[in-house]
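**Student:** Sequence lines, in order, name chains A and B.
Residue numbers for the first sequence, in our numbering: 111 to 357.
Residue numbers for the second sequence, in our numbering: 57 to 363.
Some clues are possibly wrong.
[Stated by the list, open to error] Partner residues are not named here, just some residues of chain B that face chain A (Cβ under 7 Å, in silico):
{"id": "1", "residue": "ALA260"}
{"id": "2", "residue": "ALA261"}
{"id": "3", "residue": "SER264"}
{"id": "4", "residue": "VAL276"}
{"id": "5", "residue": "PRO279"}
{"id": "6", "residue": "GLN280"}
{"id": "7", "residue": "ASN284"}
[What the hints assert, rightly or not] Residues from chain A that keep clear of chain B, each with C-beta distances beyond 10 Å, as calculated:
{"id": "8", "residue": "ARG120"}
{"id": "9", "residue": "SER167"}
{"id": "10", "residue": "LEU173"}
{"id": "11", "residue": "ILE193"}
{"id": "12", "residue": "PRO202"}
{"id": "13", "residue": "LYS216"}
{"id": "14", "residue": "ALA222"}
{"id": "15", "residue": "GLN227"}
{"id": "16", "residue": "GLU228"}
{"id": "17", "residue": "LEU232"}
{"id": "18", "residue": "ARG235"}
{"id": "19", "residue": "ASP280"}
{"id": "20", "residue": "GLU286"}
Keep in mind the hints are simulated off the structure, nothing from the lab.
In this text, a Cβ means the ideal position worked out from N, Cα and C, and glycines have one as well.
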Amino acid sequence: MTAISIERLRKSFGPNEVLKGIDLQVASHEVICLIGASGSGKSTLLRCVNLLEPIDSGRILLLGQDITGPGIDQNLVRRQIGIVFQSFNLFPHMNVLRNVTLAPMKVLRMPAAQAAQEAQALLDRFGLIDKQHDYPDRLSGGQQQRVAIVRALAMQPQIMLLDEVTSALDPELVAEVLEVIGELAAGGMTMLIATHEMGFAREIADRVCFLEEGTIIEDAPPTELFTEPKDERTRRFLRRIVEAKRL
Amino acid sequence: MSEGLPDPAAGDLSAGSFSAGSFSSGRGPRLFTGGGRRGTAISTASTVVVIAIIALVFVLAPGARTVAHAFFYPKDAWQAFIGDPRHGYYSVGAAIWLNIRMFVVAEVLILPFALLIALIRQSTHPTLFPIRVIATIYVDFFRGVPLLLVVLALGLGVPGLYLPVISHQPDAVYGVAALVLSYSAYVSEVYRAGLNSVHRSQVAAARSLGLSQGTALRYVILPQAVRNIIPPLLNDFISLQKDTALVGVLGVIEANQAADIYASATFNYSSFAVAAVLFLILTIPLARFTDRLIERDRRRRLAGAVT
Chain A
111 MTAISIERLR KSFGPNEVLK GIDLQVASHE VICLIGASGS GKSTLLRCVN
161 LLEPIDSGRI LLLGQDITGP GIDQNLVRRQ IGIVFQSFNL FPHMNVLRNV
211 TLAPMKVLRM PAAQAAQEAQ ALLDRFGLID KQHDYPDRLS GGQQQRVAIV
261 RALAMQPQIM LLDEVTSALD PELVAEVLEV IGELAAGGMT MLIATHEMGF
311 AREIADRVCF LEEGTIIEDA PPTELFTEPK DERTRRFLRR IVEAKRL
Chain B
57 MSEGLPDPAA GDLSAGSFSA GSFSSGRGPR LFTGGGRRGT AISTASTVVV
107 IAIIALVFVL APGARTVAHA FFYPKDAWQA FIGDPRHGYY SVGAAIWLNI
157 RMFVVAEVLI LPFALLIALI RQSTHPTLFP IRVIATIYVD FFRGVPLLLV
207 VLALGLGVPG LYLPVISHQP DAVYGVAALV LSYSAYVSEV YRAGLNSVHR
257 SQVAAARSLG LSQGTALRYV ILPQAVRNII PPLLNDFISL QKDTALVGVL
307 GVIEANQAAD IYASATFNYS SFAVAAVLFL ILTIPLARFT DRLIERDRRR
357 RLAGAVT
């Protein structure tokens, strides 16, 4: 079953074309990592899938249904797609528990008690239960990002989009977040992950896509892409990564 | 402050609003914690000196006696405060109630109305374009026209229209309407600043969870926006409390008008001093309340983990 199907997707910001015809299929339970330099279009691609950015042409199918056509209820689509941002974006005026329960209560109309119960189960699972009454500014970056993941999971999404979720973290906090993502992958969550963590991508991804200037240059299983990249541009990118000691 | 714990928040105005210390302490949290006693002594001394200088200027001025007699004469002040129906002047003390009522009604109406205008101006949808233009003109107009003119225009103009119901209201109602129209223009701009102060990523986070625009606004954007604008908002309301005095030009017996009537009848202006004191009694608590609110919010957020 194809969870997400992206077809000939194009997106420009003014004169600047960021995505130049992206084709990508994500099967259910598949984990795909998007790699590439900053500005290659990874984040924009994820934001388009979540309908946070209107697309210029092409289409996106979620479980076979076109979600970019006219007359689509964007809110209905978004509740099935979880996204986690580089900068956490927790709601600073709400404690952790309320951050997590807000959407289930207001969007899914879940009773408060049930929402709290499910949120607490999730928080417990990811080692955050003792933080449930804290406000985000009392948490470390790693904890905030884990809460952001839990907040997205509370909507029981069909697919998770992770947008460079460790890029804003101190190095020592990266592991705890990657661990959570690893656990999600093991649980069969479909994920589309934009990342700079090559080691992590190699470990967790079923497929890795290398993007450059708005096009997918190479799409292959990690062992293949990282060890014997076919395209010269992929090789050049990986060489730079190795030189920067990030692989 | 009283529990004797080191408290970084204790130095500001909310902690000791009128204690001598707060005048000179400004941003001195350590005045109350570390070398507290010495600091308080210094600030008390400086306060005494400053007040003494100001008092001296008044006392030594050539016309000091005349002015004191005309503006601060206790007997007249008391007469103006309690009023005297036999001589045809109203109690300033009773008249201030009308100011309070006008202020409260106006405020309750301004808050939602100004928010509506701000939201219209912030909207981006093409179909709302005409309403957006109207809202912009509205704000430009009422921020530009003196409130006094708006009060006069409504108070004198609307009754002249001879409309059913609308033209047969007490003058205070037209006064309140003028206050609402004028202040909503200002307050809508404050709201707009608040809405803009919430980072766009918060909208993205809320919408990405499936929250509709309205739900995101209500639970995510507005609470943060309002928190950011409480000081300027309350500032406008302090201003509004005073400006209820302008409604007096319609002949409404509010505190300033009552004081004016007393002054015209007796040629003594102490009634104005009484009105001024009454307005101060109204506005200062609101100012202190604002400080408290800000402080409580700050503390609650900092205390997150401890509670």
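**Student:** Evaluate each hint against the coordinates.
**Tutor:** Hints and how they fare:
Evaluation of the ALA260 of chain B hint against chain A yields a held restraint, the C-beta minimum of about 6 Å falling below 7 Å. A hinted interface residue such as ALA261 of chain B counts as satisfied when its beta carbon comes closer than 7 Å to some beta carbon of chain A; here the least separation is about 4 Å, so the hint holds. The interface hint given for SER264 of chain B holds, since its Cβ lies 5 Å from the closest Cβ of chain A, which is under the 7 Å cut-off. The interface hint given for VAL276 of chain B is met, as the beta carbon of that residue sits about 6 Å from the closest beta carbon of chain A, less than 7 Å.
Checking PRO279 of chain B against chain A: minimum C-beta separation of about 5 Å stays under 7 Å; hint holds. Residue-level restraint check for GLN280 of chain B holds (minimum Cβ-Cβ distance to chain A is 5 Å; threshold 7 Å). Hint status for ASN284 of chain B: violated, given a least beta-carbon distance of 10 Å to chain A, over 7 Å. For ARG120 of chain A, the shortest C-beta to C-beta distance to chain B comes to about 21 Å, beyond the 10 Å cut-off, and the non-interface label holds.
Once the 10 Å rule is applied to beta carbons, SER167 of chain A is consistent with being away from chain B; the minimum gap is 21 Å. Look at LEU173 of chain A: its CB is around 16 Å from the nearest CB on chain B, clear of 10 Å, so calling it non-interface holds up. Separation of ILE193 of chain A from chain B is inadequate, the least Cβ-Cβ distance of about 5 Å not exceeding the 10 Å criterion. With a least CB separation of 7 Å from chain B, PRO202 of chain A falls inside the 10 Å interface cut-off, contrary to its annotation.
A beta-carbon of chain B comes within 10 Å of the beta-carbon of LYS216 of chain A; the shortest separation is about 5 Å. Against chain B, the non-interface label of ALA222 of chain A holds: every CB pair exceeds 10 Å, the least being about 14 Å. Residue-level check passed: GLN227 of chain A sits 19 Å from the nearest beta carbon of chain B, beyond 10 Å. Consistency note on GLU228 of chain A: stated as away from chain B, and its beta-carbon is indeed over 10 Å from all of that chain's, at 15 Å minimum.
Consistency note on LEU232 of chain A: stated as away from chain B, and its beta-carbon is indeed over 10 Å from all of that chain's, at 14 Å minimum. Under the 10 Å C-beta cut-off, the non-interface status given to ARG235 of chain A relative to chain B holds; the minimum distance is some 19 Å. With a least CB separation of 19 Å from chain B, ASP280 of chain A remains clear of the 10 Å interface cut-off, as annotated. With a closest Cβ-Cβ approach of about 18 Å to chain B, GLU286 of chain A is found to remain outside the 10 Å limit, as its non-interface label requires.
Against the hints set out earlier in the document, violations occur for numbers 7, 11, 12 and 13.
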